[in-house]
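Asks: Chain residues, written in single-letter form:
4 protein chains.
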Amino acid sequence: MKVIADLTVIPIGVGVSLSKYVAACEKVLSGAGLKINLHAYGTNIEGEWDEVMGAVKRCHEVLHEMGAPRVSSTLKVGTRTDRDQTMDDKVKSVREKL
Amino acid sequence: MKVIADLTVIPIGVGVSLSKYVAACEKVLSGAGLKINLHAYGTNIEGEWDEVMGAVKRCHEVLHEMGAPRVSSTLKVGTRTDRDQTMDDKVKSVREKL
Amino acid sequence: MKVIADLTVIPIGVGVSLSKYVAACEKVLSGAGLKINLHAYGTNIEGEWDEVMGAVKRCHEVLHEMGAPRVSSTLKVGTRTDRDQTMDDKVKSVREKL
Amino acid sequence: MKVIADLTVIPIGVGVSLSKYVAACEKVLSGAGLKINLHAYGTNIEGEWDEVMGAVKRCHEVLHEMGAPRVSSTLKVGTRTDRDQTMDDKVKSVREKL
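Protein chains in written order, with this note's numbering: chain Y, 12 to 109; chain Z, 12 to 109; chain B, 12 to 109; chain D, 12 to 109.
Since the hints were derived computationally from the structure, they do not count as laboratory data.
Hints are not guaranteed to be accurate.
One copy or two, it doesn't matter: identical chains are merged, so the pair holds either way.
Result set (EDC-like, lysine to aspartate or glutamate): computed pairs, CA atoms no more than 20 Å apart in a straight line [unchecked claim]:
1) LYS38 x ASP93
2) LYS13 x GLU76
3) LYS13 x ASP95
4) LYS31 x ASP61
5) LYS38 x GLU59
6) LYS103 x GLU37
7) LYS46 x GLU62
8) LYS31 x GLU76
9) LYS38 x GLU107
10) LYS13 x GLU72
11) LYS68 x GLU57
12) LYS31 x ASP93
13) LYS103 x GLU76
14) LYS31 x GLU62
15) LYS38 x ASP95
16) LYS13 x ASP61
Only chain Y is shown next, with the shape it has when bound in the complex:
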């Protein structure tokens, strides 16, 4: 089952600057061979369900290893059975109607 997802990860208890943690998570996601797209409030992810979820779990583990006592993520996950769709397709489909 293919998924288009969006991940916002917030490490808690590590101060006010979170970018090095977000970058570490990005490396986990891209290192897992997933197609990703970083934006200003999270990261789009495209891939097979188990691979995406495995990488998200690894993000939490890595952030804890980096010293974050708490990690809170918001993950959106979209699946569809009617047709195949990529992240680029979704953006293009909206842009065509603007």
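Take the given structure of chain Y and dock chains Z, B and D to it, following the hints.
Replies: Leaving out everything else, chains Z, B and D in the frame of chain Y:
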């Protein structure tokens, strides 16, 4: 790794009434032996990461089997390494300060 | 326009214990006369759009006044024009199908 | 109070193709003079709190006018008092650490 999560699942393309789909997902979660708490905009879930995520995946599969061509979920996942905490602990901790 | 909402507020840069901040936000919401329901990963809110959004803004302001340099919230907002529905209706509608 | 936000809007009860509704919402946001960035699971928005929230409300109203009986949005809102930050700053700050 233990997780406290919150799942809001939206089947798309099945009309305006979603409650039977949400109920089907509740059955998947409770049937997986997870501790859950239904509220007005989703469901709190407590359990081990892999069991929670396996049940969320099963929710998507079941909703597709019920005829939903698209399913979009928002999943919050919280993990912590500093101490053990239950869903009840979280609510109690806030209530004590009201 | 009536809304059923769900708010998860995370103050960033104030350490690992967030409950006093969440409690302060609860007081803002209930002080605004809104119907609320605290759960393990946020708070359900029922009310008119402008009143709900005004209270959410006030939450951010209060948390900054308490010393939080950053505040990140996830807010779900549901509106419907087909019929009137309360938070209790939503939960009951799912429970009847379990 | 300045906010960096992220909006995912889901009209319910209008079938499986949502792009024309998402495009209508994009027009509301850009028409309000807000800085926005469409991605594969939502739209980043930068602006003053009241202007952003006014535009999000208008999105719900427009989607109802287009025939959607229900609209469910997930809105992330981030505010900070320690320094001024743009959407571009946030992405750049992560990219520098990759």
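Asks: Between the shortest in-copy and the shortest cross-copy C-alpha distance, which are at most 20 Å for LYS13 and ASP95: within, between, both, or neither?
Replies: within (8 Å within a copy, 33 Å between copies)
Asks: Reference check for the pair LYS38 and ASP93, CA-CA at most 20 Å: within, between, both, or neither?
Replies: neither (32 Å within a copy, 25 Å between copies)
Asks: Indicate which option fits the pair LYS31, GLU62 if close means a Cα-Cα distance not exceeding 20 Å: within, between, both or neither.
Replies: Cα proximity of LYS31 and GLU62: none, with 23 Å in one copy and 29 Å across.
Asks: Treating 20 Å as the Cα threshold, decide for LYS13 and GLU76: within, between, both or neither.
Replies: between (29 Å within a copy, 15 Å between copies)
Asks: Reference check for the pair LYS46 and GLU62, CA-CA at most 20 Å: within, between, both, or neither?
Replies: For LYS46 and GLU62, the Cα distance is within 20 Å only inside one copy (11 Å; across copies 25 Å).
Asks: Can you tell me if LYS31 and ASP93 fall within 20 Å by alpha carbon in one copy, between copies, both or neither?
Replies: between (39 Å within a copy, 18 Å between copies)
Asks: For the identical chains here, do LYS38 and ASP95 meet the 20 Å Cα criterion within one copy, between copies, both, or neither?
Replies: neither (26 Å within a copy, 27 Å between copies)
Asks: For the identical chains here, do LYS13 and GLU72 meet the 20 Å Cα criterion within one copy, between copies, both, or neither?
Replies: between (23 Å within a copy, 11 Å between copies)
Asks: For the identical chains here, do LYS31 and GLU76 meet the 20 Å Cα criterion within one copy, between copies, both, or neither?
Replies: Within. Shortest intra-copy distance 13 Å satisfies the 20 Å Cα cut-off; inter-copy 27 Å does not.
Asks: State whether the alpha carbon distance between LYS13 and ASP61 is at most 20 Å within one copy, between copies, both, or neither.
Replies: both (9 Å within a copy, 18 Å between copies)
Asks: Reference check for the pair LYS38 and GLU107, CA-CA at most 20 Å: within, between, both, or neither?
Replies: Cα proximity of LYS38 and GLU107: across copies only (12 Å, versus 32 Å in one copy).
Asks: Which holds for LYS38 with GLU59 at a C-alpha limit of 20 Å: within a copy, between copies, both or neither?
Replies: within (18 Å within a copy, 24 Å between copies)
Hint check: violations occur at hints 1, 4, 13, 14, 15; the rest are consistent with the structure.
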